[in-house]
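Hints in hand, dock the two standalone chains.
One letter stands for each residue in the lines below.
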Amino acid sequence: MIYYACDIPEDLTYDIEHDVWIRFEGDIATLGLTDVAQTRCGKFAAISFRDIGKKVAQGKTLATIESAKWVGPFPAPFSCEILEVNEAGFAKDILLANKDPYGIGWLVKVQPTNLENERGHLVTGQEAAEKYKVRIQELKVNCLRCID
Amino acid sequence: MSKKIRLLYMEGVSPLRSQTVYHAVAYAMKEDTPNTIIMVSPNAPYVCIGYHQDMQKEVDMEYVQANGLTVLRREVGGGAVFLDNGQLFTQWIFHKSDLPSSLEERFKFYIDPLIATYQALGINANHRPINDVHVNGKKIGGTGAAQMGIAEVVVGSLMYTFDKKTMSKVLKVPSEKMRDKIFESLEAYMTTMTEELGASPDRTMVKDLYMKKVSEALGAEVYEGEWTADEEAMAQEIDARFMSDEWLYQKGRLQQQGVKIHQDVHVVEAAFKSQGGLIRIIARLREGRIDDVAISGDFTLLPSFALGALEQSIRGLSATPETLKSKIEEAYYRLSIQSPGVSPADFTTAIMNAVNPPQPA
Chain A
927 MIYYACDIPE DLTYDIEHDV WIRFEGDIAT LGLTDVAQTR CGKFAAISFR
977 DIGKKVAQGK TLATIESAKW VGPFPAPFSC EILEVNEAGF AKDILLANKD
1027 PYGIGWLVKV QPTNLENERG HLVTGQEAAE KYKVRIQELK VNCLRCID
Chain B
19 MSKKIRLLYM EGVSPLRSQT VYHAVAYAMK EDTPNTIIMV SPNAPYVCIG
69 YHQDMQKEVD MEYVQANGLT VLRREVGGGA VFLDNGQLFT QWIFHKSDLP
119 SSLEERFKFY IDPLIATYQA LGINANHRPI NDVHVNGKKI GGTGAAQMGI
169 AEVVVGSLMY TFDKKTMSKV LKVPSEKMRD KIFESLEAYM TTMTEELGAS
219 PDRTMVKDLY MKKVSEALGA EVYEGEWTAD EEAMAQEIDA RFMSDEWLYQ
269 KGRLQQQGVK IHQDVHVVEA AFKSQGGLIR IIARLREGRI DDVAISGDFT
319 LLPSFALGAL EQSIRGLSAT PETLKSKIEE AYYRLSIQSP GVSPADFTTA
369 IMNAVNPPQP A
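Residue numbers (the numbering used here), protein chains in the order written: chain A, 927 to 1074; chain B, 19 to 379.
Calculated from the structure, these hints are not laboratory results.
Given the structure is predicted, the values throughout are model-derived calculations rather than measurements.
We treat Cβ as the ideally placed atom computed from N, Cα and C, and that holds for glycine.
Take these hints with a grain of salt, some might be off.
Derived lysine to any residue pairs resembling SDA-like cross-links, with alpha carbons at most 20 Å apart [to be verified]:
{"no.": "1", "chain 1": "B", "residue 1": "K114", "chain 2": "A", "residue 2": "R966"}
{"no.": "2", "chain 1": "B", "residue 1": "K269", "chain 2": "A", "residue 2": "A1017"}
{"no.": "3", "chain 1": "B", "residue 1": "K278", "chain 2": "A", "residue 2": "A994"}
{"no.": "4", "chain 1": "A", "residue 1": "K1018", "chain 2": "B", "residue 2": "Q275"}
{"no.": "5", "chain 1": "B", "residue 1": "K75", "chain 2": "A", "residue 2": "S974"}
{"no.": "6", "chain 1": "A", "residue 1": "K969", "chain 2": "B", "residue 2": "G160"}
{"no.": "7", "chain 1": "A", "residue 1": "K1066", "chain 2": "B", "residue 2": "S193"}
{"no.": "8", "chain 1": "A", "residue 1": "K986", "chain 2": "B", "residue 2": "E255"}
{"no.": "9", "chain 1": "A", "residue 1": "K1066", "chain 2": "B", "residue 2": "S115"}
{"no.": "10", "chain 1": "A", "residue 1": "K986", "chain 2": "B", "residue 2": "K114"}
{"no.": "11", "chain 1": "B", "residue 1": "K278", "chain 2": "B", "residue 2": "S193"}
{"no.": "12", "chain 1": "B", "residue 1": "K48", "chain 2": "A", "residue 2": "H944"}
{"no.": "13", "chain 1": "B", "residue 1": "K343", "chain 2": "B", "residue 2": "V373"}
{"no.": "14", "chain 1": "A", "residue 1": "K1066", "chain 2": "B", "residue 2": "K75"}
{"no.": "15", "chain 1": "B", "residue 1": "K114", "chain 2": "A", "residue 2": "P1001"}
{"no.": "16", "chain 1": "B", "residue 1": "K269", "chain 2": "A", "residue 2": "V1060"}
{"no.": "17", "chain 1": "B", "residue 1": "K114", "chain 2": "A", "residue 2": "K1018"}
{"no.": "18", "chain 1": "B", "residue 1": "K114", "chain 2": "A", "residue 2": "A1014"}
{"no.": "19", "chain 1": "B", "residue 1": "K269", "chain 2": "A", "residue 2": "S974"}
Residues on chain B that point at chain A, a partial pick, calculated with CB under 7 Å [what the hints assert, rightly or not]:
{"no.": "20", "residue": "M28"}
{"no.": "21", "residue": "H70"}
{"no.": "22", "residue": "L90"}
{"no.": "23", "residue": "V94"}
{"no.": "24", "residue": "V99"}
{"no.": "25", "residue": "K114"}
{"no.": "26", "residue": "S119"}
{"no.": "27", "residue": "G160"}
{"no.": "28", "residue": "A163"}
{"no.": "29", "residue": "A164"}
{"no.": "30", "residue": "Q165"}
{"no.": "31", "residue": "Y267"}
Just chain B, same shape as in the assembly (with noise of 0.2 Å):
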């Protein structure tokens, strides 16, 4: 590896800017381009959706529109995203021959300096492969990679602050207890510098040990270097690409299994109309267990308070039909519950579909 990375330091550049900038030094890099970090912020907030996701499928336009929230897609993959100044976005540009050739591998490499941040500030970051970073079992970051030109590009941020809440808001989900839920979840599951610490610390000391710890970790000299006419002319060539419709409305793809908290949680939701009315179910899934549900539907149960009594025994059950069956069956026997045209099967069912969703015919 060259022994010199360029580090370009944009804290408070547009939203769209925030984007661009690492899609333009990647598309052009050329062979004598040094290997790039750039740590970039936006001056307002914005939502960001992945490569192949659909933007009216995942996005609430109507709460995006009220509230004069900017969409862009980005070339890398993933969910969407809510996104402020409270995250340092840090985008590596490399050659492709710098960087560990597995995936695995290059996800360590960008995370261990991110985690070396995190620990000299006092914070207990750890690496939960392959490329979340995780405190003490919540999520303080996520990190992508892409392909792009000659580049290989890998992305993260700092994470100062995180409004939970507007990130549950943007979402379109199909219900407020789905939302509700998203919130919860990311409550639970989501931590930040200013959570940890109690107060956010200091930027630039923040940006100065971040450049220390990829200097040690990757034993090169980090300077802090320009941006050059052609990355210039490179960005408003892709500025002007992700504002257009075709660009943002593009057909989505991807297939996602409900909403991603982190690499181990998930929040899930499915219908299964049964013989005696539609079966709602929302679930958290964290390791292959139910961590919380919530059932709902326009069937009838009895006893009344058996409903939150069947939702408490399926809590903490590993996800598989034959576990959740019996356990329900237990709580029906125990309950004596009465539901017609509802059988413990159907709960079963309607909660599997929401765990494993059935492949479209």
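Extracted from the complex, chain A is given alone in its bound form (with noise of 0.2 Å):
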């Protein structure tokens, strides 16, 4: 879906309260910020992950990224270890979110450590559609993505 300029891709899961997009591939899931996130962010100026091993636990921060306006963490949308995490490729290019959130400017990559119990909130397919149309509209955002 296309709404206000922002992609919502209705193949993902999403964590709307926080903006948050999963994709799910057997036990491991990739995440990253939705268009809204990045748009609303801005242009990132830095980004720092936490290790790769580490258990965080739900709404815990996954990384911690810096814009020309904002410092903020980037949460986890339920309790996981992290297996990689993208630092090369910010480290290449640190608008990477900011020009492609849905693929190259994914963040990272988690293992599930209770998922059963903490997927209650997520969305995916229409329903997500429909509860980011609300979003998008109480928002009052247009999405942007940086091309150069």
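Below is the structure:
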């Protein structure tokens, strides 16, 4: 779905409150910022990741993002262990998530540790699209991507 | 929004506490904690670096140590800054639901009472989006925002004075020429209440005025409140973390372009190895133009006066390769410049390397 220029792919799963997308592949989940989140955050200036192997509780910080305007956490949508971080990608191009939030701009790959009990708030498909329409209207956001 | 805002007024605390207080209120925040504004100033000067900066790359540690200055890392972004009691920091720690969700609107919400305070003092302050406060094109303060725990934090200051000379000395820069250019730029593009009014206004009067302007802007009562035991405990925990080598020396990740003077003005530098020698550029960029430039290096350029003329021909130009190359070629023709192994295209590349640093491979 494209709504107010915000791309919300319906094949992904979302933690809407935290604006995190999730791609489940077997036991592994890849996580990133949604188009809405990268737009609101603005151009990345820096990112620091927590260590690989770290176990992070639901809602706690997987990475800290700094943009020209703001510093804040990238929160875990569910408890998990960090398997891989996109540190090398962001070291080459700090704007990866501003250019391609659902592709090369992914942030962290994790293994969920308590997913069955912590997935109640996650949504996907048409349900996610409808909920994002409401959120985009509430936030009055028009999404923008970086091209260079 | 809750109609009551707690004010914590803390003039003259240690440099460490002037930073850790707002982190402590934020991380100790619970659902029933009131929205809080801290007005705080340090009792000694210090250097404060941004969350993702590398202290050893950004700060002239030799100068800092020789002058007994503390260096502290904050959990807010941006660059290194020299701070002292000439600034009264105004730190807002609010519940997310009580601030605008858009960062642009949030900065305006925070900056409006600062502007109203300055204007009531007779200073022609205005908001330079996204997050600067300007007086006739000069910056009188910047702001920053962060999320800490459940709290949203916005920080800035009321600027009585600003020690521009020391600010230019605490930064680690590649040359003294660059340091001079930073100082000149701070002189040209930063101002303070003392500079605008000819004298520093009474601090209690400014505090009361700011409280009144916050109250009017937010439609809320601002009351002088107490620091809680939970907040003190949290502050002690954060004091210890902020003093640890692990925190202070953490690897820097911030990719910056030169030194930001204000929203529209940056001082940048670059070097380019041409066939005829190394070209060094220090430039001040203002709104996409070359506001000022200094060219040096180990190349030969004749006649000897031509380097100054070349710099002069570049000042004020739009920072695009086409414009620069054409003007430099024109100066070469007009002044019959000879520079073995160095072409107008090389000068253009050197300047553009300063304007848009090449990406790492």
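Practice task
Any hints from earlier that this structure breaks? Give me their numbers in increasing order, please.
Solution key: 7, 14, 16, 17, 18, 20, 22, 24, 25, 27, 31
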